[in-house]
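Participant: Starting from the known structure of chain A, fit chain B with the ligands onto it as the hints suggest.
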Amino acid sequence: MSFLEVKNLEAGYGPVQVLRGLDFAVEEGEVAVILGANGAGKTTTLRALTGMISTKGSVLFDGEELVGKDTDAIVRRRIAHVPQGRGTVSQFSVEDNLQLGAYIRKDKAAIAADKEKMFVMFPRLLERRKQAAGSLSGGEQQMLAIARALMLSPRLLLLDEPSLGLAPLIVRDLFNTLGEINREFGTTMVVVEQNANLAFKIAQKAFVLETGSIVAGGDAKTVESDDSVRKAYLGY
Amino acid sequence: MGTFFQLLIAGIETGSFYALVALAIVLIYQSTGLKNLAQGEMAMFSAYIAWQLWSWGLGIWLAAIVAIFLSFLIGMGVQRIIIRPVQGAPLLTIVIVTLGLFLGFNSLAGFIWGYLVKGFPGLFPGSAWQITSSVRISAAAAGGFAVLLVLAGLLFVMFRLTKIGLAMRAVAYNVETSKLVGVKVNQVLMLGWGLAAALGAAGGIIAAPKLFLDPFMMFGVLIYAIAAAAFGGFDSPLGAVIAGLTIGVLENMAGFYIGFIGTDLKIIVPLILILVTLIFRPQGLLGHKIVVRV
Ligand SMILES: Nc1ncnc2c1ncn2[C@@H]1O[C@H](COP(=O)(O)OP(=O)(O)OP(=O)(O)O)[C@@H](O)[C@H]1O
Ligand SMILES: [Mg+2]
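From first to last, the protein sequence lines stand for chains A and B.
Under our numbering, the first residue of the first sequence is numbered 1, with each subsequent residue one higher.
Under our numbering, the first residue of the second sequence is numbered 1001, with each subsequent residue one higher.
Chain A extracted, bound-state conformation:
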């Protein structure tokens, strides 16, 4: 059995069905990238995984069914989600956001140590420790959103377009950091990303979503070399 096993996942908004029965699986320690055009249902997929919308089908996480559980219960299984467009509290200081990220953890000393680790990983945040999150630049806010999610000490990290609105150089740094986190802590990741070239550098799995269905998926190398995927998402 896979670490994350999604079977016949259906979800939508009210009467509008967006996901039409997704199947995919990710092994522990892997990075999986989800590609797809605007409106394909990538964000909806991540929202379904963390119970933010009503969902049918099955999501097994380390053997445990998540469908039907509340978001907070899913998060308590150490699944962190960085939603599209941040997921921080903009009125809170950088430090309070990090503290909030560790909300469900009880190990005070380890939380403090992790906070310092975030400041080493993202030195920009250290300089802005006391500043309100909303007053950070877009890139800094994205770093904070990821750091906030890492404070959960997640077993599975879901990232929705982490590169959105960032300068190319910063995006490269960001993906290097994500790769490091994956290698160092063995954190399993599902990354939704338009910047497919970079995403493929750290991914072992890839899934292509079209109007709510997976049209190609599996080993990242295989998907990457698929002609139609190359044309549509890699631009060469």
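Any given hint could turn out to be false.
In silico lysine-lysine, BS3-like type, Cα no more than 30 angstroms apart, as pairs [stated by the list, open to error]:
1. B:Lys1184 <-> A:Lys108
2. B:Lys1184 <-> A:Lys56
3. A:Lys201 <-> A:Lys69
4. A:Lys69 <-> A:Lys106
5. B:Lys1266 <-> A:Lys117
6. B:Lys1184 <-> A:Lys117
FYI, nobody ran anything at the bench for these hints, they're computed from the structure.
Just so we're clear, the structure is a prediction, and the values are computed from it rather than from any experiment.
Facilitator: Structure of chain B with the ligands alone, referenced to chain A:
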């Protein structure tokens, strides 16, 4: 000069209960964006509970503490049973629900305890400190003010220094992010209502000896408390405390120094204050302008 100080003290005394009810209103507004018009009636109901316990033979302090605790539970119950089902409903629906709560608590109190005024024992001795020949501070005024400071202080400490306080502030600003860090949002909202009801209960119990306990006791206080919340800023607990006290003082001073106001027209003081605030600083003295809510 003596008269001025005497009025100031009287103003702080009444201002203390305006501030407590205003603080309760702000607490709920902050976490849910809802202005609970029934806060005053809930406080009145709490005062009745204290009166009932006292008339059954409990000491007034014990009766007050038990009543405050029961009010906490009632507040949580109201959120769970009445407010949660309409969360996210259009504003008008929610306003009507809080009006319904207002009438509900008012008639329930009338039904249980009748409409005759009940004598309510003071929590503090009837004594007073003679400061100068013309200035006296009554134990009731000092005690009420002390209760306000202690409760506001506890609230501040809870918000700033505890984990649950962090979660409550997070829910107030961003529900989605709160859920994504594992906060049980519904429980936090219930807790907010419980705490607000407890604060209001303290206000009602302190006010009851002075205002006399009947089902309409808190009508006036509610208007002053809403004025205080608007004046201080609906999202600022500190603003609510300062504005509540200010309004208490202004009201007393205006009643004395401005001839035509007297005691009958005192109520126009908060109304003018609401109006002026809405025109010149809609977010209130200490409130924040941008409110982003998910
Ligand atoms: N809150 C909502 N209410 C109704 N429909 C929605 C809502 N959010 C998304 N949708 C619809 O669901 C479909 C999939 O949206 P989704 O956000 O999952 O796309 P996406 O693949 O993440 O796109 P993008 O690359 O633009 O972020 C779209 O057709 C969209 O209109
Ligand atoms: Mg999206």
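Participant: Decide, hint by hint, whether the structure agrees.
Facilitator: Hint by hint, here is what the structure shows:
1. B:Lys1184 <-> A:Lys108: Between Lys1184 of chain B and Lys108 of chain A the Cα gap is close to 20 angstroms, so the pair holds against 30 angstroms.
2. B:Lys1184 <-> A:Lys56: Distance of about 22 angstroms is within 30 angstroms: holds.
3. A:Lys201 <-> A:Lys69: Violated, at roughly 33 angstroms.
4. A:Lys69 <-> A:Lys106: With Cα atoms ~22 angstroms apart, Lys69 of chain A and Lys106 of chain A stay inside 30 angstroms; holds.
5. B:Lys1266 <-> A:Lys117: 59 angstroms, violated
6. B:Lys1184 <-> A:Lys117: 27 angstroms, holds
The structure does not agree with the numbered hints 3, 5 stated previously, though it agrees with the rest.
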